[in-house]
Every structure is written in structure tokens, then in C-alpha cells.
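A.B. asks: Sequence:
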Amino acid sequence: MNKRIVASIIAASILLIAIAFQSVSFFMNQSFSENTTEMFSVSQAPKEQIIEKGSTANRIVQLEVNGTIINNPGSSSNPFGSGGYQHEQFLKKLEAIKKDDSIKGVLLYVNSPGGGVYESAQIHDQLLEIKEAGKTIYVSMGGMAASGGYYISAPADRIFASNETFTGSLGVIMQSINYQQLANDFGIKFNTFKSGEFKDIMSPTRPMSEEDRQIIQALVDESYEQFVEVIAKGRNMPKDKVYELADGRIYSGKQAVENGLVDEIGFKDEALNALQKKVGGNPQVIKYKQNSIGSFFNLPMAKSLLPNSEVRFIKQLISNRQGPTLMYMYSE
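Anchor point for the sequence shown: position 135 equals 135 in UniProt numbering, and the numbering is continuous, going up by one each time.
Quick caveat, the hints were computed from the structure, so don't treat them as lab data. Idealized CB from N, CA, C, for every residue including glycine. A few of these clues could be false.
No more than 16 Å apart at the CA atoms, straight line, and that leaves these computed lysine to aspartate or glutamate pairs for EDC-like [as the list claims (entries may be wrong)]: (1) K199 to D185; (2) K254 to E164; (3) K233 to E88; (4) K241 to E229; (5) K239 to E211; (6) K287 to E48; (7) K99 to E129; (8) K199 to E211; (9) K289 to E48; (10) K289 to E132; (11) K92 to D125; (12) K241 to E258; (13) K98 to E52; (14) K289 to E95; (15) K287 to E129; (16) K268 to E132; (17) K233 to D157; (18) K287 to E164; (19) K241 to E264; (20) K287 to D263; (21) K93 to D125; (22) K47 to D125; (23) K93 to E64; (24) K239 to E225; (25) K93 to E129; (26) K99 to D157; (27) K287 to E52; (28) K278 to D263; (29) K239 to E229; (30) K92 to E52; (31) K233 to E132; (32) K47 to D100.
Here are the in silico distance ranges between beta carbons for each label pair [as the list claims (entries may be wrong)]: (33) I51 to L128: 42 to 50 Å; (34) K47 to A183: 45 to 53 Å; (35) K254 to T192: 49 to 57 Å; (36) E225 to D100: 30 to 38 Å; (37) M208 to E48: 31 to 39 Å.
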């Protein structure tokens, strides 16, 4: 069987799988939209759960950013959305905290390699508004609080990390895959019609020109300067020192304390105890309940329906066919 026939079979298979997944997704959304609109509405106030009893006029709320900081459209309104970090729900919780006068402190647990520049900036700005409302913010870093995970931690009044925490990776990254040679090997040709010279910038089907690289690098540099500014203000650190630290490297928790990126070695419990002392008055400790029932494609039944790892990989490629994105992201 020659390469052209193989390439045609692969292309046809991918197209059929794409149609199948989109059809399933459409009917799922249609079936559940009427029954779940109210249950999973973004405008609905988050429900509370008491962690420790105490004064209801003097409260602390625990928040968690666990996973990649990226907005998965529909995750907060669709019961088959992501079961991990849910951006719209998290922003809703921040808005509720800002408006609740009984909340005096926020303990933010961050366990994330980072994520989107836009999403990280949204969280950062909301946290600044919460501080302006007179509330104290402490951050407890988990196993990793890197790049965008550090970006959202920077406004905190105090940052805790364990010796084993990976943090840092301060900077911006933008990546794309070029599979032009692979396509050529299989005899696949692409027809592109564009309205301007740079409309297909970072296209996976052609080499990048020097002008392309200059345009993309300018975007990366602009976001990097914003990151440096956030750290300098949040940590009250001279920009020259930030530039020295923000070369993309990873730091341990111990190293981060030594270079001023973290205030204290300690786990989540130590951070909570310190915040309780700071707030004073035997504060009640609460958290907000999650509104999603998890991702359909993470359910055991769904995995049994997709036993073939190659099929799942193709599905992922299809769902991830988006334009390049600026990321505050630790990339291994």
C-alpha cells in the first residue's frame, strides 16, 4: 500500500472521528441544557461548607487552584465539563469574596504549573481588588506553583511553600508544532488563502520567516514585562532583581525563600494557622463547594468506550486545534 493511500485513510479516519465527537457533544449539550441551566449557572452564588467553626462575622475562606490555569469553555455550565480547575467558577468565587464583608481573610492553595496569560491576569486583578477591599490574602504553595501559578500568588500578603515545592519558571512561552515535513512525506499538500501576509503566522504547514519571529517575540516580551511588573509590585522587589530571577528557571521552596519569592517554609496547615492569628477573633473557616460533576471523558465508562490510546490521542489533537497562545506556563 503506497503512502498516498495510507495518508488518505488516516485523513478520512480523523474526519469521521471529529464528526462523531462533535455530534455526541452536540446531543449531550442539547439533552442537559434545560435541566442543568439553573444547577450549573455561572451567575449562581457559590455554596459554602464550614471547615472550622468560629465567628461568622470574622471569616476565612479557603480557595484552591489545582491544575492548569486555562479557561475551558462551558466547564462551569456543562455537567460534562472539566472536573479539575474551572476558571469561570473560580472567578465567581473571587467575586463573592469581594462582596462578602464577613470574610476577612483568604487562604489560596496553589498547585499549578501555570496557564494562560489572560486567565492568570484575570485572577491577579481580582485578588488585588480583594486586597483593596481590606481582606488579607495568604498563599500556600503545593508541589508546584510555577509561572502563572506564581503570577497569581504574587499579590499575596504572605506566601508559604514547602522545601519540596517547585516554583519560579518566571516568564512567558509560546509554542507551535510544524508538521510540514511529515505532511510532505505522506504526500499531503495544504492550500492556504489569506487576507494578509501574516494571517497564517506560526502555521504548522510552513517555516517561520524572520519577520514572523520578530512579531511573536515582541508579544512574548510585552507579556514578560507585565510579569516582571507584577512580581516587583507584589513582592516589593527592585526590577533589576526580578530580571535576575525571571530567566525561566525553577526554584525549590528553600531557594525561593532565600531569593525573596517566598516568605516562609510551611505547609497548608501552617499557612492557615498564621492567617487565623493575623485575622484574629476566632474566625470561622469555610470553603466553596464545586458545582461540576466532572468530565465525561474522565469517567470510567467513557474510558472503556475509548480503549484505544491512538483514538484518544486523535480526539485530543482535534479538540486542541486552536491558534498559538501566550502562556505563563512551566514546560518540561
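A.B. asks: None of the hints should be skipped; say for each whether it holds.
C.D. replies: Here is how each hint holds up against the structure:
1. K199 to D185: violated, 26 Å
2. K254 to E164: holds, 8 Å
3. K233 to E88: violated, 26 Å
4. K241 to E229: holds, 12 Å
5. K239 to E211: Not satisfied, since the Cα-Cα distance of roughly 30 Å exceeds 16 Å.
6. K287 to E48: Holds, at roughly 6 Å.
7. K99 to E129: Satisfied, since the Cα-Cα distance of roughly 10 Å is no more than 16 Å.
8. K199 to E211: Holds, because 13 Å separates the two Cα atoms, which is no more than 16 Å.
9. K289 to E48: It holds: about 6 Å lies between the C-alpha atoms, which stays within 16 Å.
10. K289 to E132: violated, 25 Å
11. K92 to D125: holds, 13 Å
12. K241 to E258: holds, 13 Å
13. K98 to E52: violated, 21 Å
14. K289 to E95: Measuring from Cα to Cα gives roughly 15 Å; hence the hint holds.
15. K287 to E129: Measuring from Cα to Cα gives roughly 19 Å; hence the hint is violated.
16. K268 to E132: Between K268 and E132 the Cα gap is close to 24 Å, so the pair fails against 16 Å, i.e. violated.
17. K233 to D157: holds, 12 Å
18. K287 to E164: violated, 26 Å
19. K241 to E264: violated, 19 Å
20. K287 to D263: Not satisfied, since the Cα-Cα distance of roughly 24 Å exceeds 16 Å.
21. K93 to D125: holds, 14 Å
22. K47 to D125: Violated, at about 23 Å.
23. K93 to E64: holds, 10 Å
24. K239 to E225: holds, 10 Å
25. K93 to E129: holds, 13 Å
26. K99 to D157: violated, 20 Å
27. K287 to E52: Status holds; Cα separation ~10 Å.
28. K278 to D263: Measuring from Cα to Cα gives roughly 15 Å; hence the hint holds.
29. K239 to E229: holds, 7 Å
30. K92 to E52: violated, 23 Å
31. K233 to E132: The hint holds at about 14 Å.
32. K47 to D100: holds, 13 Å
33. I51 to L128: 42 to 50 Å: Violated: the Cβ-Cβ distance is about 25 Å, outside 42 to 50 Å.
34. K47 to A183: 45 to 53 Å: Given a distance of about 50 Å, which is inside 45 to 53 Å, the answer is holds.
35. K254 to T192: 49 to 57 Å: holds, 51 Å
36. E225 to D100: 30 to 38 Å: Holds - the Cβ-Cβ distance for E225 and D100, about 34 Å, lies within 30 to 38 Å.
37. M208 to E48: 31 to 39 Å: Given about 50 Å between the Cβ atoms, the range is violated.
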